[in-house]
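Participant: Sequence:
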Amino acid sequence: QSAQDVLLQLDSQYPFAYCASLRIRLSGGQLQIAMHVTHMAEQAAWHGLGLHPYFPRTASTRLQTRASEVWLCDASKLPTELRGIPAEWDFQHARLLPDTLVDNGFGGWDGHCLIQQPDLGYELECRASGSDYFLLYCPVGLDFFCI
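Just so we're on the same page, the working numbering is the position in the sequence shown counted from 1, plus 133.
These are calculated hints, taken from the structure and not from any lab test. In this text, a Cβ means the ideal position worked out from N, Cα and C, and glycines have one as well. Please note that the accuracy of each hint is not assured.
As the list claims (entries may be wrong) - Between beta-carbon pairs, the in silico distance windows are:
{"id": "1", "residue 1": "R156", "residue 2": "L211", "range": "30 to 38 Å"}
{"id": "2", "residue 1": "R228", "residue 2": "H185", "range": "15 to 23 Å"}
{"id": "3", "residue 1": "V170", "residue 2": "G254", "range": "18 to 26 Å"}
{"id": "4", "residue 1": "C259", "residue 2": "S154", "range": "36 to 44 Å"}
{"id": "5", "residue 1": "V170", "residue 2": "K210", "range": "33 to 41 Å"}
{"id": "6", "residue 1": "S262", "residue 2": "S201", "range": "27 to 35 Å"}
{"id": "7", "residue 1": "L247", "residue 2": "S160", "range": "17 to 25 Å"}
Just need the whole structure built from these sequences, with the hints factored in.
Facilitator: In C-alpha coordinates form, the structure reads like this:
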(Lines of atoms letter the chains of each structure in order from A; the text may use other names.)
(Lines give C-alpha, C1' and ligand atoms only; values in the text may rest on other atoms or scores of the structure.)
Protein backbone atom coordinates (compact mmCIF):
# COMPACT_ATOMS: atom_id res chain seq x y z
CA GLN A 134 0.00 0.00 0.00
CA SER A 135 1.17 3.52 -0.80
CA ALA A 136 -0.32 7.00 -1.24
CA GLN A 137 -1.22 6.06 -4.84
CA ASP A 138 -1.85 2.31 -4.64
CA VAL A 139 -3.85 -0.09 -2.49
CA LEU A 140 -4.45 -3.86 -2.74
CA LEU A 141 -7.46 -5.51 -1.13
CA GLN A 142 -7.38 -9.30 -0.95
CA LEU A 143 -9.76 -12.00 0.27
CA ASP A 144 -9.02 -15.69 0.75
CA SER A 145 -12.37 -17.44 1.17
CA GLN A 146 -13.35 -21.01 1.98
CA TYR A 147 -17.13 -20.55 2.01
CA PRO A 148 -19.25 -21.10 0.03
CA PHE A 149 -16.30 -22.31 -2.06
CA ALA A 150 -12.56 -21.81 -1.99
CA TYR A 151 -11.23 -18.84 -3.95
CA CYS A 152 -8.83 -15.93 -3.71
CA ALA A 153 -9.99 -12.51 -4.91
CA SER A 154 -8.08 -9.26 -5.19
CA LEU A 155 -8.82 -5.66 -6.07
CA ARG A 156 -6.01 -3.21 -6.82
CA ILE A 157 -6.77 0.51 -6.99
CA ARG A 158 -4.18 2.97 -8.25
CA LEU A 159 -4.29 6.75 -8.75
CA SER A 160 -1.50 8.12 -10.90
CA GLY A 161 -1.07 10.86 -13.48
CA GLY A 162 -4.74 11.85 -13.46
CA GLN A 163 -5.85 8.25 -14.03
CA LEU A 164 -7.73 5.75 -11.91
CA GLN A 165 -6.76 2.14 -12.59
CA ILE A 166 -8.73 -0.74 -11.11
CA ALA A 167 -7.69 -4.38 -11.52
CA MET A 168 -9.78 -7.30 -10.30
CA HIS A 169 -8.74 -10.95 -10.19
CA VAL A 170 -10.24 -14.16 -8.86
CA THR A 171 -8.58 -17.57 -8.60
CA HIS A 172 -10.65 -20.66 -7.96
CA MET A 173 -8.91 -22.81 -5.34
CA ALA A 174 -11.23 -25.82 -4.94
CA GLU A 175 -11.28 -29.09 -6.87
CA GLN A 176 -15.02 -28.85 -7.58
CA ALA A 177 -16.04 -26.36 -10.27
CA ALA A 178 -17.86 -23.17 -9.23
CA TRP A 179 -18.93 -19.98 -10.97
CA HIS A 180 -17.19 -16.64 -10.55
CA GLY A 181 -18.10 -13.25 -11.91
CA LEU A 182 -16.35 -9.90 -11.68
CA GLY A 183 -17.36 -6.46 -12.75
CA LEU A 184 -17.63 -2.80 -11.87
CA HIS A 185 -20.86 -0.88 -12.28
CA PRO A 186 -20.02 2.64 -11.04
CA TYR A 187 -22.52 5.46 -10.55
CA PHE A 188 -21.97 8.76 -12.36
CA PRO A 189 -23.75 12.10 -12.04
CA ARG A 190 -26.40 12.79 -14.66
CA THR A 191 -27.43 16.26 -15.80
CA ALA A 192 -29.59 17.39 -18.70
CA SER A 193 -26.44 17.62 -20.85
CA THR A 194 -24.67 14.36 -19.88
CA ARG A 195 -23.60 12.52 -23.03
CA LEU A 196 -22.38 8.97 -23.53
CA GLN A 197 -20.32 7.56 -26.38
CA THR A 198 -19.62 3.83 -26.66
CA ARG A 199 -19.93 1.03 -29.20
CA ALA A 200 -21.97 -2.14 -28.92
CA SER A 201 -23.54 -4.43 -31.52
CA GLU A 202 -26.38 -6.01 -29.53
CA VAL A 203 -28.54 -5.57 -26.45
CA TRP A 204 -30.43 -7.91 -24.15
CA LEU A 205 -34.08 -6.87 -23.86
CA CYS A 206 -35.80 -7.73 -20.59
CA ASP A 207 -39.20 -9.15 -19.74
CA ALA A 208 -41.65 -7.77 -17.15
CA SER A 209 -39.63 -9.37 -14.33
CA LYS A 210 -36.50 -7.50 -15.58
CA LEU A 211 -34.73 -10.66 -16.70
CA PRO A 212 -32.90 -10.66 -20.04
CA THR A 213 -34.86 -12.76 -22.52
CA GLU A 214 -34.12 -11.54 -26.05
CA LEU A 215 -30.88 -10.57 -27.77
CA ARG A 216 -31.40 -7.91 -30.46
CA GLY A 217 -29.56 -5.36 -32.53
CA ILE A 218 -29.17 -1.92 -30.95
CA PRO A 219 -32.30 0.25 -31.32
CA ALA A 220 -31.69 3.76 -32.66
CA GLU A 221 -32.44 5.43 -29.31
CA TRP A 222 -29.72 3.34 -27.62
CA ASP A 223 -27.07 3.75 -30.34
CA PHE A 224 -24.18 5.56 -28.66
CA GLN A 225 -21.58 5.22 -31.45
CA HIS A 226 -21.54 9.02 -31.46
CA ALA A 227 -21.85 11.00 -28.23
CA ARG A 228 -25.52 11.54 -27.41
CA LEU A 229 -27.74 12.46 -24.50
CA LEU A 230 -28.90 9.64 -22.27
CA PRO A 231 -32.46 8.44 -22.99
CA ASP A 232 -35.42 9.90 -21.07
CA THR A 233 -36.85 6.39 -20.70
CA LEU A 234 -35.65 3.62 -18.39
CA VAL A 235 -32.61 1.70 -19.60
CA ASP A 236 -31.57 -1.30 -17.49
CA ASN A 237 -29.94 -3.60 -20.03
CA GLY A 238 -26.81 -5.50 -20.96
CA PHE A 239 -25.06 -4.53 -24.20
CA GLY A 240 -22.83 -6.98 -26.11
CA GLY A 241 -20.18 -6.66 -28.78
CA TRP A 242 -18.55 -3.90 -26.74
CA ASP A 243 -15.09 -2.62 -27.64
CA GLY A 244 -14.19 -1.87 -24.00
CA HIS A 245 -14.21 1.91 -24.37
CA CYS A 246 -16.65 4.64 -23.37
CA LEU A 247 -16.58 8.40 -23.13
CA ILE A 248 -18.77 10.28 -20.66
CA GLN A 249 -19.11 13.99 -21.41
CA GLN A 250 -20.24 16.26 -18.58
CA PRO A 251 -20.26 19.81 -20.01
CA ASP A 252 -22.34 21.18 -17.10
CA LEU A 253 -19.79 19.79 -14.67
CA GLY A 254 -16.73 20.78 -16.72
CA TYR A 255 -15.14 17.42 -17.50
CA GLU A 256 -15.02 14.35 -19.73
CA LEU A 257 -14.26 10.88 -18.46
CA GLU A 258 -12.67 8.27 -20.69
CA CYS A 259 -13.10 4.67 -19.51
CA ARG A 260 -11.30 1.60 -20.82
CA ALA A 261 -11.88 -1.99 -19.79
CA SER A 262 -10.25 -5.24 -20.80
CA GLY A 263 -11.47 -8.79 -20.46
CA SER A 264 -15.12 -8.08 -21.20
CA ASP A 265 -17.10 -7.61 -24.39
CA TYR A 266 -20.27 -6.41 -22.68
CA PHE A 267 -21.45 -3.64 -20.34
CA LEU A 268 -24.54 -2.89 -18.30
CA LEU A 269 -26.26 0.49 -18.66
CA TYR A 270 -28.71 1.71 -16.05
CA CYS A 271 -30.48 5.03 -16.63
CA PRO A 272 -33.37 5.48 -14.18
CA VAL A 273 -36.07 7.96 -15.13
CA GLY A 274 -36.01 11.31 -13.30
CA LEU A 275 -32.94 10.63 -11.14
CA ASP A 276 -29.61 12.47 -11.18
CA PHE A 277 -27.33 9.49 -11.81
CA PHE A 278 -26.67 6.65 -14.23
CA CYS A 279 -24.46 3.56 -14.10
CA ILE A 280 -22.31 1.89 -16.71
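Participant: Can you let me know if the beta-carbon spacing of V170 and G254 is within 18 to 26 Å?
Facilitator: Given about 37 Å between the Cβ atoms, the range is violated.
Participant: Just tell me: holds or violated, for the beta carbon distance of V170 and K210 against 33 to 41 Å?
Facilitator: violated (26 Å)
Participant: Does the Cβ distance between L247 and S160 fall inside 17 to 25 Å?
Facilitator: Once the Cβ atoms are compared, 21 Å apart, the range 17 to 25 Å for S160 and L247 holds.
Participant: Using the C-beta atoms of S262 and S201, is the stated range 27 to 35 Å upheld?
Facilitator: Once the Cβ atoms are compared, 18 Å apart, the range 27 to 35 Å for S201 and S262 is violated.
Participant: May I ask you to test the hint 15 to 23 Å on the CB atoms belonging to R228 and H185?
Facilitator: Given a distance of about 21 Å, which is inside 15 to 23 Å, the answer is holds.
Participant: Taking the CB of R156 and the CB of L211, does the distance hold inside 30 to 38 Å?
Facilitator: Once the Cβ atoms are compared, 33 Å apart, the range 30 to 38 Å for L211 and R156 holds.
Participant: Within 36 to 44 Å: is that where the Cβ-Cβ distance between C259 and S154 falls?
Facilitator: violated (21 Å)
In summary, the numbered hints that this structure violates are 3, 4, 5 and 6.
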